[in-house]
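Protein chains: 2
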Amino acid sequence: MFAVIMCGGSGTRFWPASRRQRPKQFLDITGRGPMVVETCDRLAPVVRDQDMILVLGKDHLEETRKLFNGRDVQMLAEPVGKNTAPCMGLGALYAQHLGCRGPVAFLPADHFIGDPQRFLEDLGTAERVAQGGGIVTLGIVPNRPETGYGYIRRGQDRIDVDGRTAYRALEFVEKPDLEKARAYLAGGEYYWNGGIFVARPEIILGEIRKQIPGLYEGLERLGRSLDRGNLEEELKAVYPALESVSFDYGIMENTKEDLFVIPSECGWSDVGSWGSLYDLRRPEQDGEGNLAEGETLLVECERSFVSGRAGRLVACLGLREVLVVDTDDALLVADLNRSQDIRKVVEGLKRGARDKML
Amino acid sequence: MFAVIMCGGSGTRFWPASRRQRPKQFLDITGRGPMVVETCDRLAPVVRDQDMILVLGKDHLEETRKLFNGRDVQMLAEPVGKNTAPCMGLGALYAQHLGCRGPVAFLPADHFIGDPQRFLEDLGTAERVAQGGGIVTLGIVPNRPETGYGYIRRGQDRIDVDGRTAYRALEFVEKPDLEKARAYLAGGEYYWNGGIFVARPEIILGEIRKQIPGLYEGLERLGRSLDRGNLEEELKAVYPALESVSFDYGIMENTKEDLFVIPSECGWSDVGSWGSLYDLRRPEQDGEGNLAEGETLLVECERSFVSGRAGRLVACLGLREVLVVDTDDALLVADLNRSQDIRKVVEGLKRGARDKML
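If you read the sequences in order, they're chains L and R.
Counting from 1347, one number per residue, gives the positions in the first sequence under the numbering used here.
Counting from 1347, one number per residue, gives the positions in the second sequence under the numbering used here.
Watch out, some of these pointers could steer you wrong.
A partial selection of chain L residues facing chain R, derived with a Cβ cut-off under 8 Å [unchecked claim]:
| id | residue |
| --- | --- |
| 1 | L1659 |
| 2 | D1681 |
| 3 | K1690 |
| 4 | M1703 |
| 5 | L1704 |
Sample of chain R residues with no beta-carbon within 12 Å of chain L, all distances over it, derived [stated by the list, open to error]:
| id | residue |
| --- | --- |
| 6 | D1395 |
| 7 | M1421 |
| 8 | G1448 |
| 9 | E1566 |
| 10 | S1571 |
| 11 | R1574 |
| 12 | Y1585 |
| 13 | E1630 |
Bear in mind the hints are in silico, worked out from the structure with no lab data behind them.
Glycine included, each C-beta is placed from N, C-alpha and C at the ideal position.
When you get a sec, could you build the whole thing from the sequences and use the hints?
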């Protein structure tokens, strides 16, 4: 199998660990190494390095090369970020260029998978379904009425593939309110949309042609440049004018293509905030629910997340549900339950002319 | 007037700002400069620099010289700390040596005075009373049933000095429990003992002779060395063997000398914890009760104290009653209401072989 690993996104939700120049996908926030490297390592049993296509922002090309330290993965640099549809189109194009005839897995670089073995089994099922055509997605089996994710509704039709089950996917739905999310959870027909798709490249490109013709024209021009060997130059010319649109919104919501969903219990998390990182690292917490890394001393603290990786000692006394993140030039102390509001800090930095901190 | 400024004490209650090598009296924790310098500046209208006698630990001599930057104050280095009775005895001796014939003010170097003008008026009253003999103390008029301070009980006898009032002091009492403290506050006959005494040096030395004869012998030997010019050498020989005892306990509790107390409303605080510092800097707090200094960004915080003087940005989000103190090599994050428990952090550092952080 080939894989397109989407490394765009300049999230600030992990400030101060993440910065404009060093977004989450390049960080070791899980304690297992940089997320993009972990994502590739996870795929290594089923995808060869030279068949992994990383699509990333041009500003991150150099750092990513360092992270992979000579490994033979492919890297495509977007001159500007244009959301997932152009990124997946470019990746599909490049997979074809590399000679890919079967399915390609399209995955975000910055997600966490608690059970990589199960993930690969589910991905294998998706691959086998996708060989027959259509677009296959992993549907993350929900364990809570999450309002922060989009959902995928399955139908009754099921396909058995080597003793495993795929469903027809009926609908991609936007983030629900709590009431709907509870109903989705109770009904058992809805899965979280983890943004992981498997399809043959010509199917992705065909859908783009049907639904976002302007984008397709741009991709055609890039395809010609691949034959001519001037992709980099053409990317600069073509990319800035492309429509910025997500694959979910631009393609999946209206596609007439066959859609399938593989229920997956692979311990997926999009790691969208310090709070969710704290949750998924539960096994590392001490008896009082504290998660501490680096140089720390905790005295009578509870359910707190203390990251002291800047070489300085971080001493905490009597904290409850507090987040402390120390870095060389900035420190964050926050209510751990409010880590989704870090954008407010980031906005404050912008307003306060502290852009260099972003 | 002469003054003896007691700069001993190696408190850790302001860790991580205070360290073994840099105790509170040498820090600028109030935002007005190092406390010992502030203490001298406060006295400057009534005491000449050359009549200010700083008694300090030998390890702090060099740094203190730097803080005073060539100013002509006297500095006496104790080879080891021996609490306040030896310190005051040595200071009294040295004041005599400098030719002092009138009263000397004995004061801690690390206390805060909110109203320096009023303080000097009260000190002036004390001086005039002390000229007639006896030991005079400032009695801080209490505004809360504090259990962390010793108290002074006044009698009914009053002396009027230039239209101001002094009382006979009947009793020095130890830190009370809350019930007693409430009674003290309600009764109006009790003052906080701020450790500020005014007396002629021969009276202090005479009391030491009567009550702590061993200490007096040591001081006599030091007195002879002053005439011979080998004080430093003799301090090394004599000091380590002296009894370590406080003036309150060793002298004041049993003295037969005349004792007087001047009620003082000078805005005194012993600044015993980060929490008390937060309280006394109330005028600097913002509308939500936050006290922030240095490079800080506070978003939706309440009643928090954030000190960011290490040059790094300290960003806080959604905190309530949290203390954050950032320094170059250590950071403290604590429940602001538990700042008196910082000793637990210090003990943790000792246990964790992090002595260099102390």
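The hints, checked one at a time:
no., hint, verdict
1, L1659, "holds (4 Å)"
2, D1681, "holds (4 Å)"
3, K1690, "holds (5 Å)"
4, M1703, "holds (6 Å)"
5, L1704, "violated (11 Å)"
6, D1395, "holds (39 Å)"
7, M1421, "holds (33 Å)"
8, G1448, "holds (47 Å)"
9, E1566, "holds (46 Å)"
10, S1571, "holds (44 Å)"
11, R1574, "holds (48 Å)"
12, Y1585, "holds (34 Å)"
13, E1630, "holds (19 Å)"
Going down the numbered hints, you'll see the structure goes against just number 5.
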